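Protein chains: 2
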Amino acid sequence: MNIILLSGGSGKRLWPLSNDTRSKQFLKLFKDDLGTYESMVHRVYRQITTVDPNAKVTIATSKSQVSSIRNQLGDKAEICIEPCRRDTFPAIVLATAYLHDVMGVSEDECVAVCPVDPYVDCSYYEGVQDLEKLVLQDTANLTLMGIEPTVPSKKYGYIIPETSEKVSKVKEFKEKPDKETARKYIAEGGIWNAGVFAFRLRYMLEKAHNLIDFKDYNDLFNKYETIEKISFDYAVVEKEPSIQVMRYAGAWKDVGTWNMMAEAMADVTKGNVTLDETCENVNVVNELDIPILVMGCKNMVVAASCDGILVTDKERSGAMKPYVEAISNEARFAEKSWGTYTVVHVQPGSLTIKITMQAGNHMRYHSHEMRYEIWTIISGTGRAVIDGFSRRIGPGDVVTLPKGVKHALFADTDMDAIEVQIGEEISVRDKTVYDFDII
Amino acid sequence: MNIILLSGGSGKRLWPLSNDTRSKQFLKLFKDDLGTYESMVHRVYRQITTVDPNAKVTIATSKSQVSSIRNQLGDKAEICIEPCRRDTFPAIVLATAYLHDVMGVSEDECVAVCPVDPYVDCSYYEGVQDLEKLVLQDTANLTLMGIEPTVPSKKYGYIIPETSEKVSKVKEFKEKPDKETARKYIAEGGIWNAGVFAFRLRYMLEKAHNLIDFKDYNDLFNKYETIEKISFDYAVVEKEPSIQVMRYAGAWKDVGTWNMMAEAMADVTKGNVTLDETCENVNVVNELDIPILVMGCKNMVVAASCDGILVTDKERSGAMKPYVEAISNEARFAEKSWGTYTVVHVQPGSLTIKITMQAGNHMRYHSHEMRYEIWTIISGTGRAVIDGFSRRIGPGDVVTLPKGVKHALFADTDMDAIEVQIGEEISVRDKTVYDFDII
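Protein chains in written order, with the numbering used here: chain A, 482 to 920; chain B, 482 to 920.
Because the hints were derived from the structure by calculation, they are not lab data.
One should not assume that every hint holds.
Repeated chains share a single entry, so a pair holds when one copy, or any two copies, can fit it.
Here are the computed lysine-lysine pairs in the DSSO-like style, where the Cα-Cα straight-line distance is at most 30 Å [said to hold, decoys possible]:
| # | residue 1 | residue 2 |
| --- | --- | --- |
| 1 | K537 | K509 |
| 2 | K779 | K660 |
| 3 | K636 | K817 |
| 4 | K802 | K751 |
| 5 | K537 | K696 |
None of these values were measured; they are calculated from a predicted model.
Excised from the complex, chain A in its bound form:
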C-alpha cells in the first residue's frame, strides 16, 4: 500500500499547545496499547503499519514540520517537502511525482491519499486497503472513502452516492450545508467527504501534466512557487466523471477543536493537575512544570504551555481563533532539527531559553549580528564549536558568544543548557548560517 499523508496547517485551533511551528498532529495526547503517550503522527503510522506492515508511507508537508516528524518517526516515513504552501492539488501532484521519480513507484501502482489528523481506529486503514483493491479493478479513475455521518454536521462537505450500496458511483458533491440541509443530504444517503481517495499513479501524473507544465519531480519542486494555488477537490474531484465512493461506517473523529480533542484524549488530565471532586466533564493538559488546581468547574478545557493558558467552556472552544490571533505572541516552544527550545524568561533586551538536545545531534553553524549569547550547560556532555575551534563541554561549563562569532553545539550525550540572549534587538531573523570550518 502506498499512502500519502497530507500533514497540513499548523494553525492555532488547539492553542496554546498548537502554534505556528507545532501542529496539532504532534501533540502527545493519545496512548498506544502499552500506555505510552503518542501523537497523531505516531498513532497514524502505527495503525497503517499494523494493517499493512509493508505500507510505504510518505508525508507531504512543509519545511516547518520536518523536524517534528523526524523527531517523532525517525526515518520510518518518507517526507515530501513542499517548498511553500500551494493548496492540495499541487501538494498531491508533488507527492505523486516524488513517489514516481524519487521512490520509483510504478505508474500501475495504487496510491491512497489521507489527511494525517482524524482520530480513527485500524478499521479505517483497512478501508483504505479496500480502496486499493477497488482501484486495481479499474471500475473508476478515482475512488473515494466517505464517512457515514453520525450527526447532521455543518462542518463537512457531503458526497451523494448514486445508490446506498457499500460502493457506488458518485452522484454529486455538496458544499458544507446548514443543519436542515445536512439532514436532507443524510436522508438521501449522503456521507461526509473526509478527503480520502485512491487512484493509479498513472492517472494522477496524467492529470498533473494536463494542468501543470513540468517535467519531473525536481522540475516541479524548483518551480513550485510559481504554481497556481488550487484545491484537489476543485481541480480534479468535482470534474472527474469516472468516480466512485466507498462508505466507511467505523469510528471517525475530527479532533480540530478542544471540545473534540477532549473526547479523544487518552486521559482526562495530563501533566501536573489536580481536579477537586466537584469538577464534572473537565479536561486539563498542563505542559508547564507548575501545578494546576481546578475546583468546582463543569464542561471545561484548561490547557497550559509556555505559549499561554486557555480556560474555556467546551462548547465555546470552537470560537477561539480570532482571540488567539489577537494574542499573537511569538511561539515560545519549538522543535528544531537538533532538539527543542522553550522560552523561560523574557524582558526588554534579553531572552532566556532552555535548550534540550538529543545525543548525536548538532545545531547548524551560525552567528548573530544584534545579540550575544551565553550558554550554561546544565546536564550532559558535548562540544561547542566557536569560530572554528572545538571545545569539550559538560555540566556547569559556560560559553560566551560575542556578536558575530560563529557557533554551534554538538550533543555527545543527551544535553540540556540554559541560553541567555542579550541585545538591543532579539529576533529569530537575526541569524547567518555557515558551513563548518572546525580546526
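Chain A is already provided as a structure; the job is to place chain B on it using the hints.
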C-alpha cells in the same frame, strides 16, 4: 494615634498568589486614587495617614514578612518582629512593650490594635480615631470596634452589646455561630468581632506583667520562645469586666478567599489576560508573562503565578486549603531583603532563577557546599564580591561560583540576572553566611 497592625499568617487561601513566604497583604490587587496598583499594606498605611498624618504605625509581624514590608513601605512604618509565632496575646504584649521601651510612647497614651487585612475605606480609621477619644475618657479599660453585620455570617464571632446605642457596654461574646443562631444574634443587636480594640498603654503593660514574667521589651524578645501560646480574646477580652464597644457601620470586607478578593479587586483582570464577550463574573490575575485566554466561563476566578495556576468556581474557592496543601510545592517566588527571585526552570540537578535587585541593595555574603552557581547579568550594573575580591559587572557579564566560594551581588542600578544553580542537591538550607571581607 498609635496603631499596632497585626500582620499575620502567610497561608495559602489566595494561592497561587499567596504562599508560605508571600502573604495576601502584599498582593498588589488594589489601586490608589492615582490608579497605581497597591497592596493591602500600602492601602492600610495610606488610609491611616490620610485620617491622621501624625499616626505612629507599628507592624507586628514575623521575620519572614520583614523584607516584603520594607520593600513596600520603606522605613515609613515601625516593625516589631516576633522571634516566633506565639498567638495574639504575646504578639500584642511584645508590640506594646516595643512602643513603650523602644519608641518611648508614654503609659498614658492610647494604643489601637487592628488586623492588617480587612478591605475598608477611610471611615474605618476615623472609627479607630473615635476609639482613642473613648479610651481617653476612661469609661472602660478596653474599647472595641464591632462591625454592623450585612449578612448572618458563620465566619465571625459576635459581640452582643447591652444597648443598641453607638457606644455600649459589652453584654457578652459569642463564638462563630451557625446561620440560624447568627440571625438570632443580629436580631438581638449583635455585631461582628473584627479584632479591633484600643486601650491605654498602661493597662496592657499591667495585664502583661500579671500574666507573663518579663522585665522589658528586650527581655520579652529574648524569652519569647518560652511564652505560652494564647489568644488575646481568651487571655484578656473575655475576662475583662470593664469593656465597651463602638458600632461601625461603614464598608468592611474580609478578603480572605478568592471569592471575596474578586469583589475588592480594582480591575476585573490584571496582567496579560483576554476574556471573550461570553464570560460573566470572571476575575483573572496573571503574574506570568504568558497570555491567559478565558472563554465562555461564568462566576470564576483564574489566578496564575510561578507557583501554580488556579481555575475555580467563585463559591468553591473557600474550600481550597486541603488541595493546595496536597500540592505543597516549594514557593517559586520570594521577596528578599535585596530584591526578588522567580524560579524559571527546574530539572533534577539544576534550578534556574531570575533575580531582580533594586539599586543600592546587596545580598548577604554567603557560600554553598552542594552546588555551584553561574550568574549572567541581563540588565543594570553593580559589583560581584567573590572570595574577598570585588569586580564591576554589567549586562552580558558572567560570574561562575564554584562550591564553597563566598559571594554576593551589589546592585548599583536596578539590576536583573539569571542564576543557574547546578549540584547533586539544591536546597535553600545549603547556605553559610559570612561578614564581608572585601579587599
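Tell me the numbers of any earlier hints that the structure contravenes, in ascending order. 3
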